[in-house]
Amino acid sequence: MAPSQTSYAPTLGKLLKSLNSQPLEASIESLVYLLKRRQVKGDDIANAIAHMLLQVVAKSKWQSVDQLLAKVSNTGLRLAQSAPSEQVIGNVVRRVMGLIRDEASEDRNADDMADSVSDLSQLPTTPTMPSRPGPTPLRAATLPMSRSMFNLLCVSETVSSPGTGASTPMSQGASANMHALRSEVIDGIEEIMDEISQADDQIAGFADIQIHPGDYVLAYLPSPTVERFLVKAAAKRRFTVFLASGDRQEPGEVPHAALCKKLNGLGVNTISLASNGLMAYMPRVNKVVIGAKAVYANGGVSTESGCSIAARAAREYSKPVIVLSGVYKFCPADPSDDVTEFERGDSSAFVDYADGEAVDALEVENIVAEYLPPQYVDVYVTNL
Amino acid sequence: MSGKQASKGGAANKSKKPAKGGAEEKREDALQAVILADSFQDRFQPFALEKPRCLLPLVNVPVIEYTLEYLASNGVQEVFIYCGAHSEDVETYINDSDRWSPESNLCPFSSVDFIRVSDASSIGDFLRDLDKRSLISGDFILVHGDVVANIPLDGILARHRARREANRDACMTIVLRSSGNSPHRAAKARGITPVFVVDPTNGRCLQYEEMHPLQKDKYVKLDDSVFEHGEFEMRTDLIDCGIDICTPDVLALWSESFDYELPRKNFLHGVLKDWELNGKIISAEILEEGYGARASNLQMYDCISKDMLHRWTLPYVPDSNLLHGQTYKYKRGLWLEDGAHIAKTSTVTESVLGKTAYVDTGSKISNSVIGRRCQIGKNVRIENSYIWDDAVIEDGATVLHSIIANDAVIGKHSYIPEGSLISYGVRISAGTELPSKPVPRISLLTSEGEPAKTDCRLVGNDGKGALYEEPEDDEDSDSEDEGDADPAVLQSSLIYSLAGLNISRESISTLATHDSDEELSDDEYEQFQVKANRERLSSFASDDSAAAARALDQFHGDAVHGLVDALRADDNDDFDSAKLEFMGLRLANNASDSMMRKAVSVAFATRAAELMNPENGGLEPTKAAGRALTSKKGAVKFITEVGVGGNKVDLHAEFALALQKALAAIKGLDSVRAGTLLAALLQQLYNLDVLEEEGILAWWMDARAAENDTLSKIKERSRVLVEWLENADEEDSDEDSDEDEDSD
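Quick note, the sequences are listed as chains F and Z, same order. Using UniProt numbering, read the first sequence as starting at 1 and increasing by one per residue. Using UniProt numbering, read the second sequence as starting at 1 and increasing by one per residue.
If you're looking for bench data, these hints aren't it; they were derived computationally from the structure. Possibly wrong hints are sitting among the right ones.
[Claimed, not checked] Pair by pair, the computed Cβ-Cβ distance ranges are:
#1 Z:Lys344 - F:Lys261: 30 to 38 Å
#2 Z:Ser225 - F:Ile271: 34 to 42 Å
#3 Z:Lys329 - F:Asn298: 32 to 40 Å
#4 Z:Thr345 - F:Asp194: 53 to 61 Å
#5 F:Ser275 - Z:Asp29: 41 to 49 Å
#6 Z:Leu277 - F:Asn264: 52 to 60 Å
#7 F:Ser275 - Z:Leu458: 55 to 63 Å
#8 F:Ser60 - Z:Ser110: 53 to 61 Å
#9 Z:Ser110 - F:Ala58: 51 to 59 Å
#10 Z:Glu448 - F:Lys61: 52 to 60 Å
#11 F:Lys261 - Z:Lys132: 51 to 59 Å
#12 Z:Arg159 - F:Ser275: 30 to 38 Å
[Claimed, not checked] Negatives, chain Z to chain F, calculated, CB over 12 Å:
#13 Ala187
#14 Glu288
#15 His310
#16 Thr313
#17 Ala588
#18 Lys667
#19 Glu693
Using N, Cα and C, we set each Cβ at its ideal position, and we do this for glycine too.
Please work from the sequences and hints to get the whole structure.
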């Protein structure tokens, strides 16, 4: 669509613009329905959730940390339920809640971590602290391994807040503290938002370490993260990219044309493949790059459907599989219960609705995401 | 699709940076939409007796929710809802809904207004009312209250606007979804096939017709104006999504035509037909992707429900939980809401179960939608059915492809055959087997809304309810074209079936045969052939000429009938009204001059022959001819103007030939008497200065006048007249030459 046209359909952009002018409840409702109608997708979701939780912290009335936690948790639950297949929503909500607790309990005992678990139990996935993902997680050598995610966010000076909870009567000083807490939390959420928006760039920063001159790289249904990764690598290296796409295509249409053009402009060759020809090309491929939708506690990855074929083919020929994932996509849930609940997409991706016989006779299952077990993944590249 | 997402992503990325002072967005006029929540049809009877049809549950969600959600997803700001029957129910529903209530700040619309029209009896009344209210400021979306669609409107609106800016008369865009060539369930489910004639180069809609299997002739007559377009397509495969983008001009058009009722059959057809009068252009957006359909009848209801379960309608699927408080989860072919329980030994496949619905042991349920709080007993079999909230199906019952409405009870071991419609609160007692014919439609109310007397033979001894009977429609019974049954009958049942309906098996591709003696004149036929060829050139298969021939045939019959009646009438000496009627018929059927000539000659020949019969006085041929031609004032003038139609020799000859053929075709008149009568008629006409002698002589010389025995015998009787004329002619010319000499 040309930008000059007036567009009426609600989008995330419009919602974010109207956040200040709308009552909080209406904004949340709008986001819930954007999620339900799939009008926000992919990596925008995390950003949208962070924005909304920022509004909850900034606009809603709360007198104590517990109240704030309850509000964030309720909003988070609603948002998570409106798109149950998006693990990222839960992750961001948990990050924000953890942040609030951290800010609130700088002085308190470490055991309030235990409380947080019970508070969070309403979320659809059982929250536990994210375990170390993957068999051989790759982290930037420059960053100390010991730093946890939450500590990363606590760069500002600590706030001393009194004990919280409904039993504690609020004093003048406490309300001032609450005010300070509010701004601390808002700063923290803004940092989370920065982190989310910079994740792709940071991941792309590792591209030249992973991709070597003369490599043949297979990218299956490249996500924006993967695209940026390849483009960044192309700036420094000469290599060849196989672009595989599994979707039904119009004849003559080049899949991922924009990416091809960008890569070709940087002097990198691109070859488009149909997904059923993957195995034949695998001997020539040096590595497979896959973008993650979410990474589970056991290291398994939720990816675009079809990626596991590529990964299995790579395993067959002992080629490394690289998964790109921002840290905010790491979720504490175990995949075992959820594998069957992957989102099913529109049937028209495979069969034209105009094909009456097929519509009558077939039951089309268009699974838009699938589970890639950890044993197929060789390297995880994150933004840490 | 992907392009669209990309652009959305782009928008989102942009808005990350921007600033809080984001009032730079130019304030456009808010998008308005009008929902027609009632269509004044009885396709959903008996269910719509008690509940407005837009609140009937479609996959456990009231139909209007889908429409509202669709409008919200396209950024509509102001909504006007027109409700017909049960308008209070619709208003209460919307006002109580925390999502749509105008008071709620959650409502995505800036305003939701209900408009009641007290004496409305059609959609046309709604739209004429809307025109009077001047609520509409610009382009608006006109949707029916039963639309299920996921077609993004942004692009369509933009293209509509571009067309309107290019041409002020482009007033409306219709959204259509192509359904391909193969037999499609959505296409089969509608009973009436819409025929759109579209110019594929610019999407302009040229003509609209409707066809259905019950109509008498299976032809669509194309307007002549259609052929002026270089290229056109006739599409019967289009699914009408019930979404129109309109400018306020559309409302003005409705107001101008006070008798239009239906937006398609009357309005679209009429506006396109009178294009030369109103000059308005209507465009069609034919979409190849996306989903759009109207739950306009029970078959479409069935079809859309299936499409939803097969996820063609994404995001309008049960597990999107678009309704507040809905908690559907999808797992292995089942959509279960919280608290729905299926006993372990039951098999339930591809079905939806509402909140706290309960299925007991040993039951088999497939491809069905089961509402909230339904109780399904042991060893029940349910297939392809829609069980609405709170219904109870007791042990061992069988329900096949039926709709069971709220609170209905199906007793133990009873059998509900395919296509049954069991309305609210009906009770089928244990062990009852409903007959499959007539298809059971059981309700507690009659078609007038009165409580019905329970029919124990039908529903069993403990049962409640009676067979619902269609109201006798007096208005329809006066439609005179016999055989043209109301297509509504096709749409009122859940299962589309032509069985038991009287359908002519006439093939579309053969020319209509006429059993009347009069054949179309040759030139008429040629004309049709040319037309048909032209159509073939534009790759158009249906044979139109036969339909036109049939129409002309009908014109001939009606015209002759009217004229003869007027000639017979004793009490009335005036022929003008008959003439008026005849001209009206001619305009209506677009009859050619030769057709009129034929009709006039047949009428007068018939009358003259009648007068010669003994029961009418047994007049002499000469007197009969004179009486037929001159008894009515204006008849002679009529023949001169209409029958002959000009002062040319060949026209006079044609009329004489037509008279001759007409007399030859009259039964019970032997050729001798016919010939005498012809001679008498010709003489009278000559005396009355209707026919000139050159004309009669040209006829005499014409080979067609002696094509066969009968004709030549008839012709022979006029020899005396012709010879006399020839002499007269000579005398005339003598006189002329005398005069010439004199003048010299």
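Hints, one by one, checked against the model:
no., hint, in the structure
1, Z:Lys344 - F:Lys261: 30 to 38 Å, "57 Å, violated"
2, Z:Ser225 - F:Ile271: 34 to 42 Å, "54 Å, violated"
3, Z:Lys329 - F:Asn298: 32 to 40 Å, "23 Å, violated"
4, Z:Thr345 - F:Asp194: 53 to 61 Å, "56 Å, holds"
5, F:Ser275 - Z:Asp29: 41 to 49 Å, "46 Å, holds"
6, Z:Leu277 - F:Asn264: 52 to 60 Å, "58 Å, holds"
7, F:Ser275 - Z:Leu458: 55 to 63 Å, "58 Å, holds"
8, F:Ser60 - Z:Ser110: 53 to 61 Å, "24 Å, violated"
9, Z:Ser110 - F:Ala58: 51 to 59 Å, "25 Å, violated"
10, Z:Glu448 - F:Lys61: 52 to 60 Å, "57 Å, holds"
11, F:Lys261 - Z:Lys132: 51 to 59 Å, "56 Å, holds"
12, Z:Arg159 - F:Ser275: 30 to 38 Å, "34 Å, holds"
13, Ala187, "7 Å, violated"
14, Glu288, "7 Å, violated"
15, His310, "6 Å, violated"
16, Thr313, "8 Å, violated"
17, Ala588, "39 Å, holds"
18, Lys667, "53 Å, holds"
19, Glu693, "68 Å, holds"
Violation of the numbered hints given earlier is confined to hints 1, 2, 3, 8, 9, 13, 14, 15 and 16; the remaining hints are satisfied by the structure.
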